[in-house]
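Enquirer: Both chains come to you apart, so use the hints to assemble them.
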Amino acid sequence: MKLVGKGVPKIDGLAIATGKPLYTEDLAPANALVVKILHSPHASARIKAIDTAVAEGVEGVACVLTHKDVPKVRFTLAGQTYPEPSPYDRLILEDLVRYVGDEVAIVAAVDERTAQRALELIKVDYEVLTPVLDFEQAIGHPSVVHPETDLHCNFDIGHDRLRNIAATHKVEVGDIAAELAASDVVVEETYYTQAQAQAMMETYRAFSYLDHAGRLVVVSSTQIPFHVRRHLARALELPASRIRVIKPRIGGGFGGKQTAVVEIFAAIVTLRTGRPAKIVYERKETFTATNSRHAMRLKVRLGADRGGLIRAIDVQCLSDTGAYGEHAPTVFSVAGEKSLPLYNKARAVRYAGHAVYTNKLPAGAMRGYGATQGCFAVESAVNKLADALGIDPCELRRKNIIRAGEIDIYHNRILGSSSLDRCIERGRELIGWLDKYPRRDLGGKVRAVGMAVTMQGSGIAGIDTASAEVRLNDDGNYTLLLGSTDMGTGSDTILAQMAAEVLETSMDTIIVHAADTDVSPFDTGSYASSTAYVTGMAVVKAAGELREKIIVAAAALMNAAPAEVTFDGSILTGPAGATITLAELAQRSVVGPDRRQLSGYASHGSPVSPPPFVAGFAEVEIDKETGKVELLDYIAVIDCGTVVNPNLARIQAEGGLVQGIGLALYEDVKYDERGALQTNSFMTYKIPSRKDIGTVRVFFEESYEPTGPFGAKSIGEVVNNTPAPAIVHAVRNAIGAWLTRLPLTPEKVYAAMVK
Amino acid sequence: MKIEVTINGQKTVLEVAADELLADTLRAAGFASIRRGCDTTNCGLCTVWIDGKPTLSCATLSARMDGHDITTIEGVAGEAEAFARLLVAEGGEQCGFCSPGFIMTVLAMKRELADPTDEAITHYLTGNLCRCTGYMGQLRAVKKFLEVRS
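Going down the list, the sequences are from chains A and B.
The working numbering puts the first residue of the first sequence at 1, with every later residue one more than the last.
The working numbering puts the first residue of the second sequence at 1001, with every later residue one more than the last.
No lab work stands behind these hints, which were simulated from the structure alone.
Note that this is a predicted model, so its numbers are computed, not measured.
There's no promise every hint is true.
DSS-like, lysine-lysine: derived pairs with alpha carbons at most 30 Å apart [claimed, not checked]:
id, chain 1, residue 1, chain 2, residue 2
1, A, K20, B, K1053
2, A, K72, A, K20
3, B, K1110, A, K20
4, B, K1143, A, K20
5, B, K1143, A, K686
6, A, K20, B, K1011
7, A, K6, B, K1143
8, B, K1011, A, K691
One chain only, chain B, in its complex shape (with noise of 0.2 Å):
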C-alpha cells in the first residue's frame, strides 16, 4: 500500500507492506541511522520521532504512519552533533550503535523536560540501552548539554 508520510520534513509517498515495520522502512528508505537491536521493544535502539514523540520503530507499523511526521537523527543533525560532540568528548559513545537512538531519546527530552534531575534523566532514558558503556559516562554527557542550555 502507498502512504504518504513527512521524514525530515519532506513530504514522500512510499509504497509499504502491510505487515511492514517502520524500522525497516526507514532502513530500505536509505536511513542508516536506524537500528535494530531487539525485536521486542527493550533496546531503544531504533528510537525515531513520530510527530515530535519519541518511538520505537521497530514496534510500529509503516502502515500507520500515513500523513504522519517522522525524524530521524538525519533530520535534525545540527542538534545531535551538538550533542554527539558532548558524548564523544566523554568517550560515551564507545561502538556507537546505540547512539543515534539514544541521542533521539535525548534531544526529545531535552524538549519535554525543563531542569531534570539526575534521576529525571535517567527515568526518561531507562529505554535506551547501552552494553558498551555502562552509562556513567553518558549522564555526564547528557547534564553537559543540558547545562549549554541554560
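Just chain A, same shape as in the assembly (with noise of 0.2 Å):
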C-alpha cells in the first residue's frame, strides 16, 4: 500500500497550529449578539416568577427569553440516531430548575459587556427545594429530579421517573449463582469512578443566521451537525429543511461535543430577533453547566476454579446521570458491553442496574463512554482475583481472554480480530516485568507494577451509518464528501488516505469538505469510535465505485470493453496500446451533451462493532511519606487492526492514556453540601500537565480486521481506559493496599497504606 499505513501529516495541521482564524468563534460575524445565559444558583428549585422588564430596558439588549417565551416539546440533547434513546427530559427553559448551572434565562445583546450588565439585572424569585445529590440515595428519594408529566422515552429503557431511574438495564447468560456457588475462589469489591470534565480546550461554542432564503444557519463547534440539525428541528418546532448546520474546525471534543449544549440558545435567538447571534461558553460555564463522564458504582464478584479459569463475572452498577439523561442507558449498558466479553471462559455473565437522576451537572457521553468504568472495576477485580490465585495477573489474562474466532458468551458473535495476546505478551517484556512485578522498596519510596487490559467497539452495530461520496473534477482531482467530524483527530485526512490508496492518486489530488448539512452525505458525526471504521468503509466503496467508474468510461471512449482497461491513478490503458489521462477523460466528462460527471457514492453501517484492545503497564513511585504516586513509566501495546496512520494513531493513543492517567490520579470532582461544583476551574479541577505524567510509551501489534477498512478499527476511546486500573494495580502492589475509589490523591493512598 502507498499511503494506507503512512505517517502522513494531517491535511489541515499546519493551518490550525499557526492560528488562522478557522475555528467557530474566528467565523461569526461581527454584528452578530452576543448570547448569554443566566445558570440558576440552586440545585432544586421552582421559579415562582421572574422580572426581566429592567434588563429589556437596557440600551443594546435585543431579547430576554424565559421560560414563558420557549416552546414546550420536550427533547434530549444527546446526539445519537434518531429515535434516541436517551429520555427527552428537556425544555429550552423551564420553571424548575434541577441543578446548579441549569438555565434560566436568554439574554442577547450587542456586546458582551451589555449581555452581563442585563444577566445582572434579571429578578428571579425561587421556590428553593431540597435536592437528591448523593447518587446512591437517588432511587426512592422523596424528591424527584423530573416531577413532569410529559417527559418521553422512545424506548422501553427502563425509565422510573418517580423513583429518580432514567435506565435500567440488565443482561444475563447462564446461572451466575450456580456458576459463584460452583466456584473456588470468589472475590467481591465494590469500585467509584469519578464524573470526569471533558476539558476539550475549545469551550463550546455556536453561532447563527438567517441566510438569503430565510433559512437558520447554525455554525457550531460539533461532533453531530446531523443530529444538531434534528435536535433544533425538534426543540424549536422547525422543519429541518429550514435548518441548516456548519461545523468548521473543532478545538476538541471527547464526547462532550456529542451533546448539543449551546447551539439552541443562538438559535433561538436568531429566530426571535431575525439576527447573527453567537455564545461563547467561559471555562466555568464549560465545567459547571455542560455535560461531563457519568460517575459510576460498580459492584463485581468474579468466581473461578483453582487452575485459574473465571468462570463467572457479576457486575451491578449504579450510574449518575445527573439532572438530565443525555446518554443515561447506552453509556450504562457500555460499561458492561465492552467489559465483560474480554473473558470468555466464563459460564455465566450478568451486568445489571441503573442509572439515577441526582440534582447535578448532566453526565453526557466521554471517550471510553462507560467502558472505562467498566473496566476499570472489571480489570482491578481480576487484579485482585490473580493474588487470590497466586497466578501472575498477566498469565491469568492469558488464560482467560477472548481470541479471534470465538464467541463472545456476551453477544454471542464471533470476535473476527485480536491480537491481544501478543499485546500482553509484548508490554510485559518492554516494561520489564519480570524484574519490576511485583515491587522493589527503595526506602522511603517504593516502585511497582501494574497490568490492566481493555477492549471498547468500532462503531455502533446494526445502528449508525456513514455516508460518502468521491467525485472526479473536471480537471482531474477529487472531492472527498464527508459528513464526519475531524475534531483534531486528523480523520479527514486517514479518510483521504484511504480514498486515495484505492484511486491510487496523492494526497494533494484529494479536496476534503466536511461537514455542512446541506452539502454532506448523511454521517451519524464522529463518535463511538465510528469514523476510521464506519466512514472509513464507506469512503473505501465509494472511492472503488468511482474508480469503476473511471474505468468503464474510459473503456468506451476507447470502444474496448472494461475488463480490458487497466488504471494507475493517473493513466487509464486499453487494447493495442490505447492511452487516455484521467486529466483528459476528466475533462470531457464534464464537456458537451450527454456527458456525466463521474461520482462514487455509498454507505456503510456494520452489523458488528469489532473491539480493538490495549495492554496496559503501569510503573509507579509512591512516598511512603505523603501517600503521592508518580507515574513513572506507561507502556500501551495496542490493537486497532492496520494502522492507518501511525503518527496520528500514536498521537491518539498517547493523549487517550494521559486523559486515563488524570482520571486515575488527578481529576477530582467535587461539589459543595449545596450541591455547587466546586471543581469549576483549571485552578481546582486538575487535569495532567506535561510534568504529571511520566513516560508515554506506545507500542502497536496489528491485527486484520476483515470487516474494516483495509483490516482497520477503531483506536479512539480504547486507549481511554487501562490507566485507571493499571495503576491502582501498580499502587496496590507498592502498598499491599487496593484502592477502590478515584483518583488516587496522595490522602487517599496515605490513608489506606497506615491502615
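Expert: Put into C-alpha cells, the structure is as follows:
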C-alpha cells in the first residue's frame, strides 16, 4: 500500500497550528449579538416569578427569553441516531431548575458587556427545593428530579421517573448464582469512578444567522452536525429543511460535543430577532453547565476455578446521570458490554443496574463511554483475583482472554480479530515485568508495576450509518465529501488516505469537505469510535465505485470492454496500447451533451462493532511519607487492526492514555453541600500537565479486521481505559492495599497505606 | 482610553476600556490566533510576547500595554511555521486550539535556554496545557526543533 500505513501529516495541521481563523468563533459575523445564559444558583428550585423588564430596558439588549418564551416540546440533547434511546426530558427553559448551572434565561445584546449587565438585572424569585445530591440515595428519594408528566422515551429503557431512575438495564447469560457457588475462589469488591470533565481546550460555542432564503444557519463546534439539525428542528418546532448546520475546525471534543449544549440558545435568539447571534461558553460554564463523564458505583463478583479459569462475572452498576438523561441508558450498557466479553471462559455473566437522576451536572458522552468505568472495575477485580489465586496477572489474562474466532458469550458473536495475547506479552517485556513485579522497596519510596487490558468497539453495530461521496472534478482531481467531523483526531486525513489508496493517487489531489448538512452526505457524526471504521468503509466503497466508473468511461471512449482497461491512478490503458489520461477523461466527462460527471457514492453501516484491544502497564513510585503517586512509565500495546496512519494513531493513543492517567490520579470532582460544583476551573480541577505524566510509550501489535477498511479498527476511545486499573494495581503492589475510589489522591493512598 | 502599542512591529493606537484584557483587545484587532481557554491563568492558550517575554494575555490589562511591544504568532510567522511543520509531522497539534500559545512559548524558550535537558524543556512549557496529545509528541517535536538549530 502506498498511503495507508504511512504517517502522512494532517491536511489541516499547519493552518490550525499557526492560528489561522478556522474555528467557530473566528468565523462569526462581527455584528452578531452576544448570547449569555443566566444559570441557576440552586440545585433544585421552582421559579415562582421572573422579572426581565429592567434587563430588557438596557440599551443594546436585543432580547431576554425565559421559560414563558420557548416551545414546550421535550427533547434530548444526546447526539444519537434517531430514535434516540436517551429520554426526552428537557425543555429549552423551564420553570423548574434541576442543578446549579441549569439555564434560567437567555439574554442577547450588542456586546458582551451589555449582555452581562442585563443578566445581572434579571430578578428571579425561586422556591428552593430539597435536592437529591447523593446518587446512592437517589432511588426512591422523596425529592423527584423529574416530576413533569410530559417526559417521553422512544424505547422502554426502564425509565421510572418517580423513583429517579433514568434507565434500567440487565443482561444475564447462564446461571450466575450457580456458577459463583461452584467457583473455588470468589472475589468481590465495590468500585467508584468519578465524573470527569472532557476539558477540551475550545469550550462550547456556536453562532447562527438567517441566510438569503430565510433559513436558519447554525455554525457549531460539534461532533454531530446532522443530529444537531434534528435536535434544533424538534426543540424549536421548525422543519429540518429550514435548518443548515455547519461544522468548522473543532478545538477538541472527547464526547462533550456529542451533546448539543449551546446551539439552541444562539438559534432561538436568531429566530426571535432575525439577527446573527453567537454564544461562547466560558471555562467556568463549561465545567458547571454542560456535561461530564458518568460517575459510577460498580460492584463486581468474579468466580474462578483453582486453575485460574474465570467462570462467572457479575457486575451490579449504579450510574449517576445528573439532572438530565443524555446518554444515560447507552453509557450504562456499554460499561458492561465492553468489559465483560474480555473473559470468555466464563460460563455465566451478568451485568445489571440503573442510571439515576440527581440534582447535579448532567453526565453525557465522554471518551470511553462507560467502557472506561466498566474496565476499571472488572480489571481491578481480575487483578484481585490474580492475588487470591497466586497467579501472575499477565498469566491469568493469557488463560482467560477471548481470542479471534471465538464466539463471545455476552453478544453471541464471533470475534473477527485480536492480537491481545501478543499485546500482553510485548508490554510485559517492555516494562520489564519479570524484574519489577510486584515491587522494589527503595527505603523512603517504593516502586511497583501493575497492568490491565481493555476493549472497546468500532462504531455502533446495526445502528449507525455513514455515507461518503467521491467526485472526479473537471481537471482530474477529486472531492471527498464527508459528514463525519474531524475534531483534531486527523480523521479527514486518514479518510483521504483511504480514498487516495483506492484511487492510486496522491493526497494533494483529494479535496476534503466536511461537514455541512446542506452539502455533506449523511453521517451520524464522530463518536463511538466510528469514523475510521464506519465512515472509512463508506469511503473505500465510494472510491471503489468511482474507480470502476472511471474504467467504464475510459473503455467506452476506447470502444473496449472495461475488463480490457487498466488504471494506474493517472493513465488508463486499453487494448492495442490506447491510452487516455485521467485529466483528459475528467475534462471530457463534463463537456458537451450526454456527459456525466463521474462520482462514487456509498453508505456503510456494520452489523458488528469489532473491538480494538489494549494491554496497559504502569510503573509507579510512591512516597511512603505522603502517599503521593508518581507515574514513572506507562506502556500501552495496542491492537487497532491495521494502523492507517502511525503518527496520528500514536498521538491519539498518547492523548487518550494521559486522559486516563488524569482520571486515575488527578481529576477530582467536588461539590459543596448545596450541590454547587467546586471544581469549576483549571485552578481547582487539575487535568494532567506535562510534568505529571512521566513517560508514556505506545506500541502497536497489528491484527487484520476482516470487516474494516484495509483491516482497520478504531483507536479513539480504547486508549482511555487501562490507566486507572493498571495504576491502581501498581499502587496495590506498592503498598499492599487496594484502592477502590478514583482518583488516587495522596490522601487516599496514605490512608490506605497506614490502615 | 487610548494606548499606543507596537504589535508585530507595527505601531498602533488602540481605544481600550479600563478593565479590558489584552487577549480581547488583540482578538478584536483581528489577531485570530489569540485563544482563551481558562480565564484563570492555567492553560497558556493566550500566550503572546510582551517585550519579548511570553505572557498570558488573558491576565494582562490592555491599559498597561501603553508603550510596550507585543508579538503574536502572526508576527513570527516564518519561525512559527518552521516549528509547526515539525509539530505536525509528529501529529503533535491534534485539535490545534492550544498550538499558537504553545508555539509562542516554545519559540521564547528557544531564545532563552541554551541546550536544555528534557526536564528543563518540560519545566519551561508546563504552563501550556493540552488535552489532546498527551504531550509526548510535542516533546518530540520540540527536541527536533532544538536540534535543527544546533
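Enquirer: Would the hint linking A:K20 and B:K1011 be met if the CA-CA limit is 30 Å?
Expert: holds, 22 Å
Enquirer: Decide if the proposed pair is consistent with the structure: A:K6 and B:K1143, CA atoms, cutoff 30 Å inclusive.
Expert: Between A:K6 and B:K1143 the Cα gap is close to 22 Å, so the pair holds against 30 Å.
Enquirer: Are the Cα positions of B:K1143 and A:K686 separated by 30 Å at most?
Expert: Answer holds: B:K1143 to A:K686 is near 26 Å, not above 30 Å.
Enquirer: When you check the alpha-carbon spacing of B:K1110 and A:K20, does it fall within 30 Å?
Expert: At roughly 23 Å apart (the allowed maximum being 30 Å), A:K20 and B:K1110 satisfy the hint.
Enquirer: Tell me if the straight-line CA distance from A:K20 to B:K1053 falls inside 30 Å.
Expert: Holds. A:K20 to B:K1053 sits at ~22 Å (cutoff 30 Å).
Enquirer: So if I understand the rule, the pair passes when the alpha-carbon distance is 30 Å or less; does B:K1143 with A:K20 pass?
Expert: holds, 25 Å
Enquirer: Within 30 Å, alpha carbon to alpha carbon, are B:K1011 and A:K691?
Expert: violated, 38 Å
Enquirer: Given the hinted pair A:K72 and A:K20, is their Cα-Cα distance within 30 Å?
Expert: Violated - the C-alpha atoms of A:K20 and A:K72 are around 41 Å apart, more than 30 Å.
Comparing the model with each numbered hint stated earlier shows that hints 2, 8 do not hold.
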